[in-house]
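Asks: Chains as they are written, first to last, in our numbering: chain A, 1 to 238; chain B, 239 to 583.
Worth flagging that the hints you see were computed from the coordinates, not collected in a lab. By construction, the Cβ of each residue, glycine as well, lies at the ideal position given by its N, Cα and C atoms. Hints may contain errors.
[Claimed, not checked] Which bits of chain B does chain A cover? Going by a derived footprint, with three or more residues having C-beta under 8 Å, they are:
hint	segment
1	280-291
2	440-454
[Claimed, not checked] Simulated restraints, written as ranges between beta carbons of each label pair:
hint	chain 1	residue 1	chain 2	residue 2	range
3	A	N23	B	T423	52 to 60 Å
4	B	L257	A	M109	37 to 45 Å
5	B	V553	A	V88	33 to 41 Å
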Amino acid sequence: MAETVLETTGLTMRFGGVVATDNVNFSLKARELRCLIGPNGAGKSTFFKCITGLLTPSEGQVFMRNQETTGWHPHEVASLGVGIKTQVPNVMDGLTVVENIWMAARRFMPSKEASDKAQDVIERLALGSIAKAELGRLAHGERQRVELGLVVAADPWLVLLDEPAAGMTAGDVDRMSAIIDEMTRTAAVVIVEHDMQFIRSIASTVTVFHQGAILMEDHVDKVMADPIVRNVYLGKKA
Amino acid sequence: MSRSWGRQDAATIVAAIVLIWLMPLLISTYTLTVLVIYGMLALSLGLIWGFGGILCFGQAAFFGLGAYTYAIAAINVGESTLPMILAVFVPALFAALLGAMMFYGRLTDVYLGVITLVVTLILFKFVNSSAGPQYVIGEARLGGFNGIPGFHTLNIPGQPDEYIWGDALYYVCAVALLAVYFLVTWLLRSSFGRIAIGIRENETRVSLMGYDVRARKTILFAIGAAIAGLAGALFANWGEIVTPGLFSLGQSAEIIIWCIVGGLGTRLGPIIGAAGLAYLKFLLGQQSLIDNTLIMGIILVLFVLFLPKGIVPAVASLWKASFGRRSGRKSARRRHMRRVDSANG
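Construct all of the structure, not just a fragment, from the sequences and the given hints.
Replies: Put into structure tokens, the structure is as follows:
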């Protein structure tokens with residue numbers, strides 16, 4: 001039995017009268033790959049933000065490796081060894097790819113080693129041709145890939161990705177799945193995603209959100225075949 | 239990489255020494271001293287704004303605080319070494335407290351500007367209304383709008399009777415500016431400086447990497463204030479009087495204009511902007527045909543419209559375009575052409 005690395009109990013987030021996530025109990029084992037899906041407004045991103053510390057939940061707790069992290073700041077969560085990629089690409093536009101990745105690695109090692117690590121990550125993610133370019137000049141897919149590089153550089157044991165495949169070409173998506181596949185060798189990965197094609201390609205357990213709560217949790221094929229899930233997505237009455 | 243940096247540093251030192259030696263032939267050392275001091279003051283804001291992304295409307299507060307700290311301490315101590323040290327640490331401590339309040343309170347840019355502005359105003363109003371005999375620190379009277387005159391000016395450390403003034407004060411200020419410049423250079427090459435630039439670029443990302451952005455901004459803010467405080471203390475020695483005018487909004491605004499005109503995100507830009515504009519103001523002050531604040535305003539507007547990056551970045555890119563790596567650009571173009579060809583074919 002693998003260790004549980006991420007657990008939430010009764011996680012609830014209210015914005016005024018709106019309950020964005022409602023009493024969510026979620027748990028994730030080490031080196032597990034999990035996708036969170038659901039229609040718009042289902043509460044996936046709010047749930048994601050509560051875990052990463054970008055939002056403080058109204059009720060409930062978050063545990064990482066059995067340590068309570070409810071209400072921690074994002075930098076404290078990240079310091080534990082949690083790699084986070086937000087929905088909107090968050091990169092440092094005025095700096096080069098090398099400098100970006102160096103900075104991610106520097107948090108956990110001295111400057112010299114971080115430089116070596118950055119070169120290593122650049123090779124692994126095939127970023128060599130754009131290593132010296134400023135992020136602001138790169139294409140969307142490249143920026144997404146660099147942001148994954150920022151996550152990889154910190155050697156995380158838990159990776160949280162919010163819509164990593166959004167707005168990417170088919171080629172980019174393939175490359176992205178390969179990178180995520182490699183990540184799962186050392187880390188548990190949570191992916192919030194819309195793109196069903198992409199989820200099928202990385203074939204994992206899927207948690208379906210609907211109206212702030214977990215609707216079901218199963219393998220992607222079963223979830224896709226489920227009539228209730230299909231109705232939720234197509235907006236029919238079950 | 240490190241070798242080329244070394245060469246660049248050596249070139250900077252040589253250029254600086256030549257400048258320090260030659261400038262007195264053109265401009266009187268009395269004027270030069272204050273230009274150098276303004277350069278240091280501008281560099282303090284250039285560091286926190288240009289590299290840390292913290293737009294402080296109240297850099298004059300730390301400048302004035304440094305000057306007043308020096309004056310008050312010098313009257314009480316009767317020599318200059320300890321007051322100089324205090325003039326660096328008091329503003330730094332004040333900035334650390336103020337910064338911690340703002341950054342841990344998660345204030346965004348606009349509020350940060352408002353608070354630093356208001357703090358400057360409060361200090362100005364307070365010092366301005368401290369004329370009564372009850373406003374005394376040790377033996378020093380704050381003096382209200384009259385300021386504090388007659389304090390012990392800079393002396394050779396350990397020899398209170400050996401004053402440093404006139405030409406000697408100019409050389410001390412110039413060397414101090416050079417030292418601060420290299421301190422800033424070193425800081426920006428260190429991990430702390432590189433991460434500070436990351437914070438300027440994207441605060442959220444840096445915190446998602448696991449860095450405590452609040453603490454880092456507070457420290458950078460305090461370093462900027464320490465430099466401004468040092469400039470203030472030197473200014474007090476130059477003027478031999480400190481007045482509430484040091485805390486004025488005009489002074490604060492001027493520092494921001496120096497940085498914009500000189501070029502943000504460079505170390506040299508703010509220094510050149512400060513020295514250039516202050517000298518221009520000095521020249522304009524000698525005539526009475528046109529109001530010089532009007533000309534200052536026009537210069538700022540023209541720069542924002544036509545040279546928004548400032549003098550130094552513009553000159554640097556012009557230099558690169560005309561002399562730098564012509565062959566590199568050609569081969570890049572050839573590569574680009576080849577790509578276009580293959581795309582068409």
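Asks: Now look at each hint and say whether the structure bears it out.
Replies: Structure-based check of all given hints:
1. 280-291: With 0 residues closer than 8 Å to chain A, the segment 280-291 of chain B misses the three-residue bar; violated.
2. 440-454: holds (count 11)
3. A:N23 with B:T423: 52 to 60 Å: Holds - the Cβ-Cβ distance for N23 of chain A and T423 of chain B, about 55 Å, lies within 52 to 60 Å.
4. B:L257 with A:M109: 37 to 45 Å: 41 Å, holds
5. B:V553 with A:V88: 33 to 41 Å: 36 Å, holds
Checked against the numbered hints above, the structure breaks only hint 1 and satisfies the rest.
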